[in-house]
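Q: All chains should be modelled from the sequences, with the hints used to inform the complete structure.
Sequences listed follow chains A and B, in order.
Quick note on numbering: the first sequence equals residues 1 to 234 in our numbering.
Quick note on numbering: the second sequence equals residues 1001 to 1834 in our numbering.
Hints were generated in silico from the structure; no laboratory data involved.
If a hint is listed, it holds; no wrong ones were tucked in.
Selected chain A positions facing chain B (in silico; Cβ < 8 Å):
no., residue
1, Leu-50
2, Arg-82
3, Lys-108
4, Arg-116
A virtual CB, placed ideally from N, CA and C, is assigned to each residue, including glycine.
Residue-level listing of the chains:
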Amino acid sequence: MLELRELVKHYELVGGETVRAVDGVSLSVSAGELLALYGPSGSGKTTLLLMVAALLEPTSGSVLVDGRNISTLSERDASQYRLSELGFIRQSFDLLPGVSTLDNAVLKLLKNVPWREAHARMKPLLERLGLGKRLDQHAETLSMGERQRVMIARALSTEPRLLLADEPTGSLDTQRSHEVLGLLRELCRERGVAVVLVSHDPLAAGYADRVLALRDGRLDGHQPGGTPVQHSVG
Amino acid sequence: MFHLYRVRLRSRLLQECFAVIGIAAGVGLLFASQIASNSLSSSVAQLSQGIVGSAKLQVLARDPRGFDQGLLSSVRHVAGVRLAAPLLEANANAVGPRASRSVELIGADESLTRLGGTLVRHTRLAPFGGVGAIVMPGPLARGIGVTRFGAEATLEIGGHVSQAPLYKQLSAHEIGPLIDTPIIVAPLSFAQEMAGLRGRVTRILVTPSPGREQAVRVALTQLAHGRLNVTSTNYDEQLFSKAAAAANQSTVLFAVISALVGFLFAFNAMLLTVSQRRRLIADLRRDGYTPRAVIGVLLLDAAVLGTVGCALGLVLGDELSIQLFHSNPGFLSSAFTVGSARVVGAQSVAVAVAGGMLAAVVAVLSPLRDILSRDPLAAIAPRQLAATRTVTRWRTALGALFVAIAVATLLAIPRLAIVGMVALTCALFLWLPLGLDATLASIARLARKVTSAVPHIAVSELRAGRSRAVAIAATCSIAVFGSVSIQGAHGDLQHGLENAAHDMNAFTDVWVSPAGSFNLLMTQPFPATSLARLQHLASVRQTSVYRGGLLDWRERRIWVIAPPSTARPLIPPSQLVEGNLAAAGTHVRAGGWVVLSQALAAEHHLHIGDSFTLPAPRPSTFRLAAVSTNIGWAPGAIVMNADDYMRAWGSPEPSALNVLLSPGTAPAQGRRAIERALGTGSGLTVQTAGQHADKQHTLTRQGLARLSQIATLILAAAVLATAAAMGAMVWQRRPRLAKLKLEGFSPRELWGTILLESVLLLLVGCAGGALLGLLGQQLLDRALASVINYPVVRSVALPTALAALAIVTAAALAVLSVPGYLAARVPASLALQD
Ligand SMILES: Nc1ncnc2c1ncn2[C@@H]1O[C@H](COP(=O)(O)OP(=O)(O)OP(=O)(O)O)[C@@H](O)[C@H]1O
Ligand SMILES: [Mg+2]
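A: Have a look at this one:
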């Protein structure tokens, strides 16, 4: 499904110095698999995801989604790719204020699906996410956990093949994090969506099929003892 | 406090600049229109004061021929009269080698110098070495090309033509502000000789001894025998202010609207920073500052913005008034001597600065409720996004109330048109948010029918930034409102004035009258010697005598129109507002009956059939045959037949000759034949009815040009303000646009969203403004028609409204499309920098 080949991203700083944000990462994720990527702050996690989302051009190497090279897409094709093949969830919630839960969730869908049909399609998913009673509530009145669940609904609305999650539980407490991660894993496994979840929260490991560590832009083969990988489920 | 302020200022220099520009634009427009309207009346006042000096009272002739100089010694013998000075004032056409100019000839003797007026303080008025000579301001002398000592100017005064040598040019040093006034001063005897009025004067200025003013006035009134006017010396200024009232009021209206546009510009800029400002307020309150301290910091902000904005605005307004808003007296110059000086009074500066400072303070203190709130964090509490039911209901009701007030003024008290306009503005502000909400709701409903996310995003963005959206819509709204109402009324007035001019030229083929642009209304009498010469011409079928003049009646300098009884139509048919045209025509033709304009009839409580005494040189009793418009002359008009005029004025002199041409003679051909018969140097000018009407149209248009100029400027300012505010809004929104990009929306869709939002705002604003603007037009039309009696042709300026709407929308969109396009190309990674 997703394959990274010797992916490299170097940032040239003003002083002529280079930051090796991602430094030769190769990995692959298959459909329905949830990969957790761990790393301390500044280890290149976000940079990596940006390249997968075709928002950032790699210095070298390639990102393949179903064998197609993502990094060479035109601006238009990249938009189309992000819209229909990709879901992106982040720590902050990019909801439209003053707009209902339902309307926020269908935003991506509206580009190609009429409003009525989009609503009909989204309702079951939102109910699955426990938002059945919140459909008409305005986004800014939802709790943090609820907001993140709306973002998950939006990300999954176009039935993408690949979901990227950058610190999705960053602003949630433990209880909410468990809920959100559980739902995420469940839904993705059902739909056969490949997930790359980036975090420094050990909690996430419990829900991952596979755990990799990133350090200074490189995958760290040696997992130190007691790391979350041992709690891996599935 | 200063430290806090400095820290904040640096972080939002751009927005502060916007705010300063907004305030400057408002102050500039306000200042320029103040200068334009004050300049004319100041110029009249300066001339009046420059002549009268310390005199308090005056005895005034009621016609240009004046009265016998012998009265002077009787006046000097009145107990309590300290000084008395005779004057002869006459309108003249001064012709030099370079050009000709209409001027006021002032003949005076040395007693005038003793009154100490600026005009003659440095001029000797004894006949210059026994020969007659004239002095005039430098600019006038250079204008007509008579500059050297002894060089001769030709003066044409009521058909009398004479050569007058220049004694000297007056400098600004000598006569101060009068330097730009078209006047020529001559010793009294020489002026009398040139005007063909030997031994006659037109006024006597009187300085009473202290405390004796009332007694002297009574004694002078007795001497006047009801044939002369005894008034205080500021009478001219009163007459002028009545005549210029319409022009001044429209300028005030404009000034208010320009100030509003400028204020909204500044307010928009302030709104850009409102979230930062709110955070600052919350921070300060949390750190224990009292509301008073917070207000202090904000007021400091307002003071800095206001001061810089006002300073820039004054410079801008000054420049505008020099480059664009030349104060043009238009028709007024045919009854008053008005200079071209630009008078910048302290009052204009004060009004403009006060407006600017107020705008700054109101804009800065807009979150006042949150500052004063018990809850220190109120300023950053989540905002209610849409208006609640109660608020909506209140707004609807209040708006309706204001419209009702406007309609009531329209129907019942048109005098208070300004109040009506203010009420409409309030209604506009109250209803605009409702209009916006309603539009957004219907767009949201429509959006469900199309397969696109663009309208959904646009609607939600507008709802989220509602207060800013309303402010932007209000900016274009108020500009379109002002522009439509004023342009509409302007068009109707112009149309009406052209009809009046047409009527006044309908009864003759050719006019023969004294030369000079002051004589546009045919008010200058001249000796009828030329009449005989014309009657024998082959191309002339009939020559008759037209008389007319200006008569001061209480506060009004009214226009007397006295066509010959043979004239058809005798009464301008399109100008009648009450009475039967045919019957009135018969009455007036037979004599003893007149037509008065409505305001005059109302002022003197006259109804058709009533008789009254007209304070003509020989007071005469007339009956009212019909009521008319003011026939284009703001203070009012009276129509009688030429024979009645001759009796009431006690003089057979015509003011113009009406020539009807023989069948088959083209007007231009007839005019040339008459010119040849009169010969050169007659001091008379010959023009066809068409030429005269054209001249009147031109002057009308010039006089009203300032209105359209300001209306255009307001629109331009609104376009810039709207585009700038929207541009800034879009720019600030880039992170949110980037987030949408993250979701897979293309730059094209984002650009579409931005444009759709802008179109919605502009259309709502402009449509609201245009709609109420049409109502405003009716209000102004009605005020012009029933208060000043202008012959307004009422209409609904739908084309003007649509044009304003289209222009503002298109122009603002065009300006906005560039920053919109750039913002839509925002890198998606910007979304991650939060
Ligand atoms: N636009 C950029 N220009 C220069 N350097 C950058 C840029 N973006 C990221 N970096 C650098 O690249 C490195 C990796 O950054 P990245 O944001 O991928 O880290 P991260 O693992 O997501 O960290 P965190 O857990 O804090 O989000 C950091 O050292 C960062 O300073
Ligand atoms: Mg990161």
